Structures are given as structure tokens and as C-alpha cells.
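Q: Residue numbers (the working numbering): 1332 to 1787.
There may be inaccurate statements among the hints.
Claimed, not checked - Once the Cα atoms are required to be at most 30 Å apart in a straight line, the calculated DSSO-like pairs of lysine-lysine come out as: (1) Lys1746 with Lys1776; (2) Lys1556 with Lys1576; (3) Lys1471 with Lys1596; (4) Lys1596 with Lys1556; (5) Lys1576 with Lys1471; (6) Lys1746 with Lys1576.
What the hints assert, rightly or not - Here are the simulated distance ranges between beta carbons: (7) Ala1424 with Asp1535: 24 to 32 Å; (8) Gly1756 with Val1586: 23 to 31 Å; (9) Asp1535 with Arg1591: 37 to 45 Å; (10) Gly1756 with Ile1627: 27 to 35 Å; (11) Pro1504 with Ala1553: 47 to 55 Å; (12) Met1649 with His1740: 17 to 25 Å; (13) Asp1557 with Asp1477: 18 to 26 Å.
In short, the hints are calculated from the structure, not lab data. All values derive from a computational prediction rather than experimental measurement. C-beta atoms are modelled at their ideal positions from N, C-alpha and C, and glycine is treated no differently.
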Amino acid sequence: MREPMRRMRLLHRYICDQCICGARHTLSLRRFCFITLGIMLPAVTSYARQSDTAILVDSIPFPEVRRAREPWEYVLSVPGWLIGAPFIITTEAIAGTYRFLHRQETLQRILSLIFVVEDTTVILAPAYSSRTGLGVSYRKKGIWRDASELEITGTYGTRNRHGFELSMNNTFPFALPMNYSIGVDYEYIPDRSFFGIGPDNAEDDETRFGLATIDSELMTAAAPKDYLRTAAGIQFDKVFIFESKHEDEPATQEVFDTDRLPGFKSGGLFLGPGVGLELDFRANRHRPTGGLWVVIGGALVWELTGERLSYWTTGTDMRLYLAAPWFGDRVFVLRSAYATVHGLGGGSVPLFALSKFSGEGTVRGYTTARFRDNEMLILSAEYRYLIWENVLSKVDAVAFVDAGQVQEHIFAGAKWDDFRLGVGGGLRIHDDQVYLGSIMAAFGKDEFRLTVDVGW
């Protein structure tokens, strides 16, 4: 069963997909190649595919003519250029190669062999698998009606981690008065980390257990106002727990008394309705230059088999974007997030449903599930600085500081010593309509993590 912060991220993605544009912003394989190989080449603009989806949010375009920078602004730009220098050097080399291939029409011939269908109806795009893996995503639009869409994604990662996702949006042959989605998601993780429950543990405490989940859900969404979006749905999950065969860390079943770990014996079958709400006052959705963004969600979950565990979960995520026009194209992002999950009637919560650090979206710089407990508080400050822009894409250098902790009752038991810090930086890639992805390097208390997020 999905823990609160993962529910929030998936809920936000679904709200955006269904309410903002009626279907996902998508990238064809052709456009993906053009963006990655020619990210700063005006020559590829003639091949850029425009989304056939209407964007209902306002964007603030970059001015055609900018004022000359003052000397002190160049001094302040040095950190951003230092962060972006390896990227710029690499892309300049790639750009030169691309220009040569473009003049020879070599790349166009290769792409015409790989991608032969119209990207307005069928889209084939790469997918990313967590912990170093790749996959492919196939999307078909207009199955019964123009608003319908089918998406199938398969991924494979290291240590035999793999997943499969099927999503059908507005696929009934007749129209309904709301947007809806039917989805099935299978995930197999043979070595999920478990360090114990609570805010304090050591790196040597790590054990592993196997986790496989089959999630099915039905969701609907609506946008009564430009700034207000809502979603509701029901989720039906089957969870399988098994012993890990990891070569370096022992199996959780060998170290812990599984009778004292709720939901750990055999997983279970879970049913849960949920609701969500999004308030969006940002100036630009994909590269916010100012404004406030809030997501609130909650769910009730009942276990239909096994230990009959029942619990409720809620979460909030609030981000404030502060533009600094006197410093150029710079944005400060202040974030606070809170997640809680507790058993109904004072009962227990399954181990895999507890709030936990999970990399992107929580405290970066730690192994997934390094800390887990009933409640979690996240505070974050992020600095974004535009280091490159082109008619196709823009690249921000990012520096951030994350802080967070888990507790059984966060506001009653929070301690300064239990706050965990994660610091780092990276690159964030986007264009005027779509967030394309990011790569971040983060340092935790005794760990280093490199995270990749793909936006399509």
C-alpha cells in the first residue's frame, strides 16, 4: 500500500494530467532525441513537435530583449556557471556532433527508421526506473474519443527490480461529465531496505526484505476554478512480502521478530477510498517564477484479509516560490510538507505503509526508507538559477537544503537532534510547457545519493 508522500505525488500527477490538460503532456521519441541531442540548437526548431493539448495555465514568456547586466550581477552568477560548466562543455561537444549529423541528414534517417507512426496519436518514449534502470512507455490517444488515452509502461532496473503500469484515461466509448482514469500498477522490489522504526538508526542497521505490489485504482478529477482542482478515487491493492536474497545485508526476517512488525507476515489485500485537493497560484506551472502551491490529500484503508489492519492517512505539501528579478532569472523555493498515518481505533499500521524518507519529494541524500514512522515533517529551501535557454529547452542550476524527521507523533515528540539534513545540487530541465526532468546529487548524514527524475 502506498505511503502518504507517494500518494501525494501520484495524486498531484493525476490532478495535473486530468484537470490541466485532459491528457498528459507527452514527448515522442523524436522530440526526446531532439531535446537531449540538440538542447541548445536553434537548428532543431523546425522539427520540434508541439503538443496538441491546450494549456490552461498562464505562462510568463522570457522577454526578447533584456537589459545589460551590472558587474555585480556577473559576480553573483559565478556559482551558477560553475555548477553548469560541465553540462555546458558536454552539450557544446554534443551540439557540434549534432550539427554535423544534421547537415548530413544522418539523424533524420535513423529516426525515421525507429519512429514511423504519427506522434499526435501514438507516442513511444523512454521511461526511467528507480535505482538505475530504464524502460519504455507507449501511449495511444483517441481510442474511442479524442479525449481518451491508453498508456502502457514497462521498466527494468538493477537487482531485478521491475515494474509494469497500465493506465486508461477517459476510455469508455461514451462521454461522462468528468475526467476519469482506470489504472493497474505492478512493482517488484526484491531488496527493500529496513533499518527499523523511528528517527534514529545507523547505516549498519540495514536489513532487506522483498516487496511486490499490485495496485489498481479508479479516479476522477474536476477543475471548478482555474486555481482549484480536486480528485477522488478508490484503490484496491495486493501486497506480497518475501525474504530478500541480498548478498551484502541480511534478510529482515532473520534479524527482526516479524510477529512484532504489523502487516509483515504475508502482506495483505487492501481497499481504500481517497480524496485530494490542489490550490495553484503559481505564475508558471513548469518553471514557477512566483506564487503559492498547495496539495492536500487523505485516505481511509481497510485490510480485507490477513491481520485485518485498518488505518487513515493524510498529507499536505506547500511550496512558496519567490522570484528575485534584481538577481536575474533566479527563484527561491520554500517548502514544508507533513504526512501522517495512524491505525483506526488505535490499531497498528502496516510497516510498508508508514511515512518514510524516499529521496525525491522528501529529504534527499538518504537511502529510500532509511527512516520511517507514523508521522513525517519536511522543510526545504531551494535556489534555482537559469544557466541555459534555447527555443526548445531551458536548464536551471539548483542548490538545496532539506531537513526532516519522522516520529510517532511529530508535533509532540519532535527533537532538534532528530532532524536529518540533506544538501546538494543539480540540474533541472524544462521548456515553456513541460517539465522534462532533473538530476540531483545529495549528501546526507553518512550517505551520498544521485537521483534522477523524468517528467514525461
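Q: Taking the hints in turn, state whether each one holds.
A: Results of checking the hints against the structure:
1. Lys1746 with Lys1776: Satisfied, since the Cα-Cα distance of roughly 16 Å is no more than 30 Å.
2. Lys1556 with Lys1576: violated, 51 Å
3. Lys1471 with Lys1596: Judged against 30 Å, a Cα distance of about 40 Å means the pair is violated.
4. Lys1596 with Lys1556: violated, 46 Å
5. Lys1576 with Lys1471: violated, 38 Å
6. Lys1746 with Lys1576: violated, 36 Å
7. Ala1424 with Asp1535: 24 to 32 Å: violated, 43 Å
8. Gly1756 with Val1586: 23 to 31 Å: Given about 36 Å between the Cβ atoms, the range is violated.
9. Asp1535 with Arg1591: 37 to 45 Å: This hint is violated: roughly 21 Å between Cβ atoms.
10. Gly1756 with Ile1627: 27 to 35 Å: Hint holds: Cβ distance 29 Å, inside 27 to 35 Å.
11. Pro1504 with Ala1553: 47 to 55 Å: violated, 22 Å
12. Met1649 with His1740: 17 to 25 Å: Cβ of Met1649 to Cβ of His1740: about 21 Å, so the range 17 to 25 Å holds.
13. Asp1557 with Asp1477: 18 to 26 Å: holds, 22 Å
Hint check: violations occur at hints 2, 3, 4, 5, 6, 7, 8, 9, 11; the rest are consistent with the structure.
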